[in-house]
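J.: Listed below are the residues making up each chain.
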Amino acid sequence: MIVADRKSLDEILGMVADKDKILILGCKGCVTVCNVGGLKEAEILAASIKIARKKEGTDIEIDTQALERQCDNEYVSQIKDSVADYQAVVSMACGVGPQFLSEMYPDHVFYPAVNTTFFGGAVQHGVWEERCAGCGTCGIHLFGGLCPIARCAKSLLHGPCGGSSNGICEVHKDTACIWDAIVKKKMETGHLEDLAAVKPFKDWRTARDGGPRRSIREELVKGNI
Amino acid sequence: MTETKSGSNLEKVLTAGHFAFTGECGPPKGANVEHLQKKFQYLKGNVDCVNMTDNQTAVVRMSSLAGSALMVSQGLEPNFQMVCRDRNRLAMMSDILGAYALGVRNMLCLSGDHQTFGNHPEAKNVHDIDSMQLIAMVKKMRDEGKFLNGEEIDVPPKMFIGAACNPFADPYEFRVHRLATKIAAGADFIQTQCIFNMDKFRDFMKQVVDMGLHERCYILAGVTPMKNAGMANFMSKYVPGMDIPDSLIKRLKGVDKRDQAEEGILFALEQIAEFKEMEGVAGVHLMAIEWEHKVPEIAERAGVLPRP
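Residue numbers (my numbering), protein chains in the order written: chain H, 1 to 225; chain B, 226 to 533.
Since the hints were derived computationally from the structure, they do not count as laboratory data. Glycine residues also receive a C-beta, built at the ideal position from the N, C-alpha and C atoms. Worth double-checking, as some hints may not be accurate.
Stated by the list, open to error - Taking lysine-lysine and the PhoX-like style, the derived pairs with C-alpha atoms no more than 25 Å apart in a straight line are:
#  : chain 1 : residue 1 : chain 2 : residue 2
1  : H       : 55        : H       : 40
2  : H       : 184       : B       : 425
3  : B       : 452       : B       : 501
4  : H       : 199       : B       : 371
5  : H       : 173       : B       : 230
6  : H       : 40        : H       : 28
7  : B       : 425       : H       : 185
8  : B       : 383       : H       : 199
9  : H       : 184       : B       : 501
10 : B       : 254       : B       : 230
11 : H       : 19        : H       : 7
12 : B       : 462       : H       : 186
13 : H       : 186       : B       : 431
14 : H       : 173       : B       : 462
15 : H       : 7         : B       : 230
16 : B       : 501       : H       : 199
17 : H       : 7         : H       : 21
Claimed, not checked - Part of the chain B face toward chain H, derived, beta carbon under 10 Å:
#  : residue
18 : 270
19 : 336
20 : 390
21 : 393
22 : 398
Stated by the list, open to error - Here are some, though not all, of the chain B residues that point toward chain H, as calculated from beta-carbon distances under 10 Å:
#  : residue
23 : 338
24 : 345
25 : 358
26 : 403
Generate the whole structure from the sequences, applying the supplied hints.
T.: Okay, structure coming up:
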């Protein structure tokens with residue numbers, strides 16, 4: 001899923017400093033799963049903003065709502081009758097949400113309440129880790145099912161680099177050296193020779209380097225399915 | 226005369242069977258050519274070629290290409306270092322051609338220290354290709370006369386291709402295999418990370434010899450003389466991939482502060498003496514970090530002068 005972190009209250013307060021009626025719009029997709037942008041978090045943020053503004057003596061009216069998904073126009077259209085009631089909408093979705101909203105409602109203002117961080121999953125309660133860089137050419141099967149593009153700080157294809165120490169990445173003491181894990185898995189399964197050859201040069205056109213990407217499913221476009 | 230791959234002095238020294246002795250020189254944090262030329266004087270005639278580091282430890286310095294060209298102009302042979310952190314494949318190929326055009330004949334292909342260690346940790350890194358692929362790319366440019374996309378190069382760069390090897394990083398069992406891949410990719414010579422743990426290096430070289438890697442590539446053992454016990458402590462704690470045995474730190478601490486530099490040099494000399502005899506070791510790469518003025522003395526006392 002897409003993982004995100006809530007922006008600081010101060011930053012969000014700054015965005016809406018001159019507003020006195022806003023909507024905080026959660027998303028029931030990934031950001032609900034990673035406990036950052038669902039209805040519950042929207043309500044918590046609304047309460048925090050109200051308290052802060054009350055202290056300042058500038059009361060603010062806040063409604064909260066959560067759409068099924070903010071990355072889908074079918075759901076984004078559900079606020080068409082109410083969006084004009086607010087001076088601004090604070091979206092708690094990933095970076096996709098405020099953009100879908102801005103595109104559908106070009107006359108309205110949308111603020112992002114979260115920083116979208118990575119594609120990953122929860123490794124323990126309250127801890128999420130990156131697993132995918134969305135490079136567009138998946139080869140995790142070549143590396144024992146572990147992705148060095150996303151998980152090696154240098155995206156090495158023939159690691160580990162000289163800074164790998166006791167299974168820890170030189171860049172951060174809390175980060176596992178993924179190449180240490182790849183090598184150990186290959187050794188344990190007797191497939192170390194898989195790592196011997198020089199890998200083909202990666203074609204980054206499928207990654208963000210090729211410009212903004214589109215995914216087209218012709219059968220859906222034509223309405224066959 | 227045997228045909229060489231690059232015609233570099235280092236290649237000639239190694240192919241003639243001499244024990245190579247290479248040095249290192251960090252470019253200045255500025256455009257101070259005078260300072261650089263002063264360092265060159267300590268190295269000239271005392272080493273076979275000099276590594277010109279490429280924003281080492283991810284700290285911005287004068288470009289290694291410019292530093293290498295300045296070295297050529299002073300009659301010193303550079304080993305042009307190139308890291309994958311700061312350039313994509315276009316910039317790399319372009320700089321390789323530029324380096325060759327300016328008289329550079331050796332290069333060292335590296336991944337590069339991560340930018341978080343340097344003085345611009347906010348920077349975006351590149352890593353379009355990695356060090357293994359950089360080796361393969363330089364070899365393709367040299368031997369096939371082609372760019373990565375297969376287009377012909379009008380006057381290919383004939384580089385003597387170097388790579389690094391750190392036998393002290395983890396997982397240890399994989400290190401010799403990684404070295405083998407670098408050699409298969411096209412490395413003509415290897416310069417190892419600074420060696421302090423001699424027991425581990427002896428074991429590593431045994432694996433290298435058992436696999437016959439020393440017959441396919443020249444291996445230069447990395448030596449860094451310690452200036453004092455503080456430097457040893459610092460490197461042990463803060464430099465990634467360093468393996469500094471407590472016995473060495475104790476040895477340095479065991480002498481008076483004024484004599485620690487001499488003790489560090491003595492250890493380096495003992496190492497060089499052993500490397501001269503060690504099977505599979507073709508030379509020494511002396512990294513006298515910000516201590517270039519000591520190189521003439523170390524070379525003299527190591528008995529590696531005059532250079533061929």
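J.: Hint by hint, say whether it matches the structure.
T.: Hint by hint, here is what the structure shows:
no.: 1; hint: H:55 with H:40; in the structure: holds, 23 Å
no.: 2; hint: H:184 with B:425; in the structure: holds, 20 Å
no.: 3; hint: B:452 with B:501; in the structure: holds, 23 Å
no.: 4; hint: H:199 with B:371; in the structure: holds, 18 Å
no.: 5; hint: H:173 with B:230; in the structure: violated, 43 Å
no.: 6; hint: H:40 with H:28; in the structure: holds, 10 Å
no.: 7; hint: B:425 with H:185; in the structure: holds, 24 Å
no.: 8; hint: B:383 with H:199; in the structure: holds, 23 Å
no.: 9; hint: H:184 with B:501; in the structure: violated, 34 Å
no.: 10; hint: B:254 with B:230; in the structure: violated, 33 Å
no.: 11; hint: H:19 with H:7; in the structure: holds, 18 Å
no.: 12; hint: B:462 with H:186; in the structure: violated, 30 Å
no.: 13; hint: H:186 with B:431; in the structure: holds, 23 Å
no.: 14; hint: H:173 with B:462; in the structure: holds, 13 Å
no.: 15; hint: H:7 with B:230; in the structure: violated, 57 Å
no.: 16; hint: B:501 with H:199; in the structure: violated, 35 Å
no.: 17; hint: H:7 with H:21; in the structure: holds, 20 Å
no.: 18; hint: 270; in the structure: violated, 31 Å
no.: 19; hint: 336; in the structure: holds, 5 Å
no.: 20; hint: 390; in the structure: holds, 8 Å
no.: 21; hint: 393; in the structure: holds, 8 Å
no.: 22; hint: 398; in the structure: holds, 7 Å
no.: 23; hint: 338; in the structure: holds, 8 Å
no.: 24; hint: 345; in the structure: violated, 15 Å
no.: 25; hint: 358; in the structure: holds, 6 Å
no.: 26; hint: 403; in the structure: holds, 7 Å
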